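S.K.: Sequence:
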Amino acid sequence: MHVDNRGRFFRSWCHKEFVERGINFVPEQANMGLSHKKGTVRGMHYQIAPALEAKLVRCTAGKMFDVALDMREDSPTFGKWFGTELSAENGAMIYLPELCAHGYQTLVDNTEMHYMASQFFAPEAARGIRFDDPAFNISWPLEVTEMSDQDRNWPSYGA
1 MHVDNRGRFF RSWCHKEFVE RGINFVPEQA NMGLSHKKGT VRGMHYQIAP ALEAKLVRCT
61 AGKMFDVALD MREDSPTFGK WFGTELSAEN GAMIYLPELC AHGYQTLVDN TEMHYMASQF
121 FAPEAARGIR FDDPAFNISW PLEVTEMSDQ DRNWPSYGA
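According to the numbering used here, the residues represented by the sequence shown are 1 to 159, in order.
Quick caveat, the hints were computed from the structure, so don't treat them as lab data.
Hints are all accurate, no fakes.
Here are the in silico distance ranges between beta carbons for each label pair:
| hint | residue 1 | residue 2 | range |
| --- | --- | --- | --- |
| 1 | S148 | T60 | 19 to 29 Å |
| 2 | F9 | E73 | 39 to 49 Å |
| 3 | R8 | G158 | 41 to 51 Å |
| 4 | F10 | W140 | 20 to 30 Å |
| 5 | P27 | E112 | 10 to 20 Å |
| 6 | R6 | P134 | 45 to 55 Å |
Everything numeric in this text was worked out from a predicted model, so none of it was measured.
Ideal Cβ placement from N, Cα and C applies to all residues, glycine included.
Input sequences plus hints: build the corresponding full structure.
M.R.: Below you can see the structure in the form of structure tokens.
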């Protein structure tokens with residue numbers, strides 16, 4: 001990120017830099033979401049074959065706690081989650097490989113996020129895991145204030 005008296009500039013995507021790091025990520029779709037209320041949770045979403053989907057996520061307004069949950073059964077980090085704060089101010093992004101479920105909680109009102117996905121949305125391949133599944137014990141920082149019925153009703157792992 002470059003910051004000077006005019007403001008800031010940063011590259012939000014560079015295929016060459018990903019390839020140099022051994023990541024083959026080519027965006028097919030970009031999405032934005034706005035959540036009005038602090039404490040809103042969206043997720044945990046992922047797609048299965050043949051529509052496996054990697055994501056690159058950033059916050060464009062406000063602040064959010066972003067979570068990646070490894071659902072790759074052959075991975076040494078299967079069932080582990082990672083959470084980090086993304087904000088418009090810090091400019092941080094998170095890359096989620098295929099078969100990593102994604103979710104986030106807004107930390108302030110009117111939080112907006114943007115993500116690029118390596119695959120088009122495929123309803124027949126869409127899957128989800130409960131945000132409060134005891135098998136994974138994700139530590140959300142705030143009380144949940146808003147959530148879609150679909151996200152609230154995802155099954156627990158193994159159900």
